[in-house]
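Engineer: The lines below spell out each chain.
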Amino acid sequence: MAHSASIDNNSENIWNGNAEPLKASWGKLMMWFFLLSDAISFSGLLVAYGFSRFSHLAYNPAVHGMIFKFSDTYWPIPEKVFTHIPFAHINAPLVFVGIMTFILILSSVTMVLAVEAGHRMDREEVKKWMLWTILGGFAFLGCQAWEWSIFIQGSEEGRMLLDGTKVYGANLHINEYGPQLFADLFFFITGFHGTHVLSGVVINIIVFYNVCLGTYDKVGNYEMVEKVGLYWHFVDLVWVFVFTFFYLV
Amino acid sequence: MSSHHHSDNIHEVKIVPRDPQKVKQILKVTYILGGVTAIEFVAAFLFPKGLVLTSLFVLLTFVKTFYIVGEFMHLKHEVKTLIWAIVIPTTFIMWLILAMLIEGSSVFEFRQWIWG
Numbered sequence: 001m002a003h004s005a006s007i008d009n010n011s012e013n014i015w016n017g018n019a020e021p022l023k024a025s026w027g028k029l030m031m032w033f034f035l036l037s038d039a040i041s042f043s044g045l046l047v048a049y050g051f052s053r054f055s056h057l058a059y060n061p062a063v064h065g066m067i068f069k070f071s072d073t074y075w076p077i078p079e080k081v082f083t084h085i086p087f088a089h090i091n092a093p094l095v096f097v098g099i100m101t102f103i104l105i106l107s108s109v110t111m112v113l114a115v116e117a118g119h120r121m122d123r124e125e126v127k128k129w130m131l132w133t134i135l136g137g138f139a140f141l142g143c144q145a146w147e148w149s150i151f152i153q154g155s156e157e158g159r160m161l162l163d164g165t166k167v168y169g170a171n172l173h174i175n176e177y178g179p180q181l182f183a184d185l186f187f188f189i190t191g192f193h194g195t196h197v198l199s200g201v202v203i204n205i206i207v208f209y210n211v212c213l214g215t216y217d218k219v220g221n222y223e224m225v226e227k228v229g230l231y232w233h234f235v236d237l238v239w240v241f242v243f244t245f246f247y248l249v
Numbered sequence: 001m002s003s004h005h006h007s008d009n010i011h012e013v014k015i016v017p018r019d020p021q022k023v024k025q026i027l028k029v030t031y032i033l034g035g036v037t038a039i040e041f042v043a044a045f046l047f048p049k050g051l052v053l054t055s056l057f058v059l060l061t062f063v064k065t066f067y068i069v070g071e072f073m074h075l076k077h078e079v080k081t082l083i084w085a086i087v088i089p090t091t092f093i094m095w096l097i098l099a100m101l102i103e104g105s106s107v108f109e110f111r112q113w114i115w116g
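Those protein sequences? They're chains A and B, same order as listed. Counting from 1, position 70 in the first sequence corresponds to residue 70 in the working numbering; the numbering is continuous, with no gaps. Counting from 1, position 60 in the second sequence corresponds to residue 60 in the working numbering; the numbering is continuous, with no gaps.
Chain A extracted, bound-state conformation (with noise of 0.2 Å):
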């Protein structure tokens, strides 16, 4: 009878239990098949917003004018919605997401980085380089903040109405930029990807301060860290493509 204290660890019983046959912790290992169902989640909404966008009316200068205008026949041109930069009152298209994308970016290299004076065991480091990534991801969360304000408030000039009335900025139910679709999944899906920065900030806060106290020391390991620093790659990617699809298509 084969005792459990007995471990049969050749190659070939490597999916028999007590090893680890993906050569990687579960903890590790249950992060990677979180993030591939978040992708998934995510994925859902920006087909959605694929859907939406190639099913409305795309604005052609032939046929509704030389000049754009927000209308709500057709999507908007994200490069004249999104045009604001803070403090300065000129159209700068698309270069307030360009400085967000960036922060966001950045902050990913600094986690690499802590990941890496993770694995030499270098506290001083580890928490140089996460508390570089916190302050990124409040920055990025700051941004957003901003962008959507600005997107609420809307422009100076508004948009007419058939009715004479005019629209400013945006909400739910109607916006000046274009259909109502456009600002609906602009808030959820920009809102979905900031509630996951914000909760990537929290989690990497609490590591920060376990690595304060010398819990990954003690542990023997700052695969934590690692797994920490999964979660915020995922949270870039993920603006990555929300970036590309909503800002640049």
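Among the hints, a few may not be true.
[Unchecked claim] Subject to a maximum C-alpha distance of 35 Å in a straight line, what follows is the list of computed DSBU-like cross-link-like pairs (lysine-lysine):
hint, chain 1, residue 1, chain 2, residue 2
1, A, K128, B, K49
2, B, K64, A, K23
3, A, K127, B, K28
4, B, K64, B, K80
5, B, K28, A, K23
6, B, K28, B, K64
7, B, K28, A, K218
8, B, K14, A, K23
9, A, K28, B, K22
No lab work stands behind these hints, which were simulated from the structure alone.
Guided by the hints, dock chain B onto chain A, whose structure is given.
Structural biologist: Chain B alone, transformed into the frame defined by chain A:
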């Protein structure tokens, strides 16, 4: 939760000095990501909107995904089975995206046909 604050483990933990090669690799990937984003930005303003531009964006996003997932998330250096466990479901997602874009266009055509 431990309540004593003295770092009793610090003198036992051996800190390995940084490997400049690894940092160089990380920075290299950073520059690639930055460069690709810059190209996407410039392309958004230079080229007219259409299938070609959208395909370019999808392709470049793919390149960025490859570097973020492969290098930053370290997937390229994991066991092959884990790599496939992540990559294969993703191909199904990509098919879903493509199918829904086609579907959206088809709905648009039908609406035009019905309502003119």
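Engineer: Taking the hints in turn, state whether each one holds.
Structural biologist: Taking the hints in turn, this is what the structure says about them:
no.: 1; hint: A:K128 / B:K49; result: violated, 43 Å
no.: 2; hint: B:K64 / A:K23; result: holds, 26 Å
no.: 3; hint: A:K127 / B:K28; result: holds, 23 Å
no.: 4; hint: B:K64 / B:K80; result: holds, 21 Å
no.: 5; hint: B:K28 / A:K23; result: holds, 27 Å
no.: 6; hint: B:K28 / B:K64; result: holds, 13 Å
no.: 7; hint: B:K28 / A:K218; result: holds, 33 Å
no.: 8; hint: B:K14 / A:K23; result: holds, 24 Å
no.: 9; hint: A:K28 / B:K22; result: holds, 22 Å
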